[in-house]
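Note that the protein sequences, when read in sequence, are chains A and B. Letter 81 of the first sequence, counting from 1, is numbered 81 in the numbering used here, and no numbers are missing. To convert, count from 1 in the second sequence and add 1000; that's the numbering used here.
Calculated directly from the structure, the hints in this document are not laboratory data. Bear in mind that the values here come from a model prediction, so they are computed numbers and not experimental data. Incorrect hints may appear among the rest.
Unchecked claim - Label pairs and their computed distance ranges (CB to CB):
1) B/Glu1012 <-> A/Ile55: 55 to 65 Å
2) A/Phe184 <-> B/Lys1128: 54 to 64 Å
3) A/Arg347 <-> B/Ala1105: 22 to 32 Å
4) B/Lys1234 <-> A/Ala63: 19 to 29 Å
5) A/Leu191 <-> B/Asp1296: 19 to 29 Å
6) A/Met196 <-> B/Ala1105: 33 to 43 Å
7) A/Met196 <-> B/Asn1376: 30 to 40 Å
Note that beta-carbon positions come from the ideal geometry of N, C-alpha and C, so glycine has one too.
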Amino acid sequence: MNYFVIIYYALLIGGSCLAAHYKKREIFLLLFSLTLASFVMGIVGRESALWAVSIGAGLLALAAGIAYSFREFLIIISGPLTARALRTAPLTAAFGMFVIFTYAVLGIFAPIIAPYGEAEVISQSFAPADENMLLGADQLGRDMFSRLVYGARNTVGLALMATAIAFVIGALLGMIAAVKQGWFDQIMGRLIDVVMSIPSLIFALLLLSIFGTNMIILVIIIGIIYSPRVYRLTRAVAGNVVVMDYIEAAKLRGEGMWYLIRKEILPNSTSPLIAEFGLEFCFVFLLVAGLSFLGLGIQPPTADWGSMVRENATLISFGEITPLIPAAAIAMLTVAVNMVVDWMLHRTSGLKE
Amino acid sequence: MANKGNLLLEIEDLRIEAYADEKWFEIVHGVDLTLRRGEVMGLIGESGAGKSTIGLAAMGFARDGCRISGGSVEFDGLELTTTSEADRRRLRGSRIAYVAQSAAASFNPAHKLIDQHTESPVHYRIRKRMESQEDAMELYQRLRLPTPREIGFRYPHQVSGGQLQRAMTAMAMSCRPDMIIFDEPTTALDVTTQIEVLAAIRDIVNQFNTAAIYITHDLAVVAQMADVIKVLLKGDEVEEADTESMLKNPKEDYTKSLWAVRSFQRSQKQRPGDGVPVVEVANLDASYGPVKVLDDISFDIHAGMTVAVVGESGSGKSTAARCITGLLPPTGGTIRFKGQELPPSYLNRSKDQLRQAQMIYQMADTALNPKIRIGNIIGRPAEFYGGLKGTNLKNRVDELLDMIELDPSKFYARYPPELSGGQKQRVGIARALAADPTFIICDEVTSALDQLVAEGILKLLDRLQKDLDLAYMFITHDLATVRSIADEVVVMKQGKVVEQGPKDVMFKPPHHPYTDLLLSSVPEMDPNWLSTLLEERGVDNIGEAASS
């Protein structure tokens, strides 16, 4: 028994007693079950297990703290309408926004933040981390940290563009189909069914091997592969909008299709589309990373998280975590985007009441 | 009436709050209410008066986003605001029942009527399943549903609206509750169907000596149903008295204003001697797929006149409007506009032809795009047809907003969801006017509105007609509206024109039998109207003898 263990248990037990006294059910249950679990862990794993628990709790608290302050910060700097929406955001969504914000800063200011160029060889291959290289070197001796920062720009930028293309194509066709109906709707629907029936990764591999792995071609192909899902959603949402009387009124006025889509339908389908954008972005992002891992995505020496995982994969057998860092970067962004999207989905479904 | 005994429900100083804009607002400010066994209380008031909220609070229930913040609700000795949710749930369905406005939305479309009927008695173990089915059939018979032994085995979409509402009343009766809350049960029904439902509800409530709270905004209806009437305004009680004295001498000004609503009437105009009619419908036929919905319809609408098209739902009056606007190309016959034949589909009509005929919709909620500002909604037709831009456009919109009596500085930049029902309907009118039309189709424009608001809209339409010499085609099932603003009346039934002519002729006998049925079905303020009418029609009126 040393001071750490004593303070550890004293804090937990004291906290549970306070929570019980003030009738905070959830907090009490959490703290007390943690206390009981700690007894077992303390006996099995000794002091180090308790250290791990404290560090984990500390990190969680830190993340919550950052999320909370970031949300308050956003509320203060934004206008009254956005501020009202932001107040409903749970801490997870705020944390997601913070992560996205960090990634955006990394991507935009990559050349300033990164200490070395993305293709610059500065050391031996697989050199360990030192004061020059925060995360060590990769298989060619390039700085891992710099490549990670540039990767944010390349991978996220590419995924963003591909999603945007998917949305422009899918949403536009979906709304046209909803307005026109009849044969156009039928033909589009069946065509989309055909595209959707082919597994996306295999379809992408096929198209890329036909057209070559140019950056622009890559973006367009991914955009086209993902547009059917957007089409289906838009078609369904717009289908609910076109039956409203205000659309009938606009049609009787003699308005053209473009006006109907732009002014009448689009503003009434934005919230589900924005939520879908977040989800779709994650899928596209993973597809880009997957393609890079297979060697058909972004081509070297351009830094990209997917290919960084593959290139450094050999290190895993030596017990090094280096290849897991870009993988973690991918996971982190996906989780963050999903947290924000969850909140937005909740909001849009709540607004319908 | 007999057996008006002990106290059943006692509400004291009831306060209810609603959550909006991150604050709690009080929407019911201390209302008292007492109901004895077997008594029927009518709650009336315009929308937003808190009638439904109080009705639900009588079951100890508050809607999502609302809470009971003060006062007490005592049902047969049990305080509902403090008992556990489980206890309250046991009461609901077994001792207190609720009949909602829209039976179609309240029944589960995936189950047969009788299965839904037997659910609560079986759940509360009041009756076995088979007993409960027998009981349902008996109730169906008492409520005069056709083929009472078979109708329960149909699905909700297989019976008509009036039958569904009666089936719902039977369902509310399934556990023989002490109290039923009727929330506008006939508002969505035609006058002819309404009578059947009213008579059925009144009989069954009398037979079982059930207490009831009857919520409605229709005074004539409440006069038939209630023993006591309570008038509400914005969450406050205005006055309460028994039906007779309330109808004869209301004390408060607000109550008097409610009574006076039906008095608006304008002088009838005669057809101009020779002129070409604005709209001339001749031998029109139309069908949805193989179903023929319009059969040889002909009528004329002259400039500056209002032609009311009346009939029950399904009579084809809205379809006639869809044909005139070109949304549903007719299968036969012609539509002439100022002597010129119109192409059947709106797609082939010229911009000017589209401009001259405008439409105002029943549901202002769905007729205005919620994401466009009022100023732009009204401005678009002026911009589209008149080519107005910049300050000219802004001035025109301001002028239109003034015309519909909405302050331009306040309303220009607002969105439709921020407006009340009556204001939205006014914006709908302004949008039609912005096109500078000569002919406007008004499709049930007042039927979704309270009487006071509806009256305002009718007066507005009348004034605009005088100022701008507009021709109206006024589609409605409400004969009170017809009486107040029509010049000519067209009566439709099952896709055919039954009778047509000037209003004064139409409202004087002799009538076509169907017109007679429609006219006699409009509820009147006289509390004995329903009984007298039923006697005249010779409907066998069970239970009436028992209660009187």
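Here's how the hints hold up against the structure:
no.: 1; hint: B/Glu1012 <-> A/Ile55: 55 to 65 Å; in the structure: holds, 59 Å
no.: 2; hint: A/Phe184 <-> B/Lys1128: 54 to 64 Å; in the structure: holds, 57 Å
no.: 3; hint: A/Arg347 <-> B/Ala1105: 22 to 32 Å; in the structure: holds, 25 Å
no.: 4; hint: B/Lys1234 <-> A/Ala63: 19 to 29 Å; in the structure: violated, 48 Å
no.: 5; hint: A/Leu191 <-> B/Asp1296: 19 to 29 Å; in the structure: violated, 45 Å
no.: 6; hint: A/Met196 <-> B/Ala1105: 33 to 43 Å; in the structure: holds, 35 Å
no.: 7; hint: A/Met196 <-> B/Asn1376: 30 to 40 Å; in the structure: holds, 38 Å
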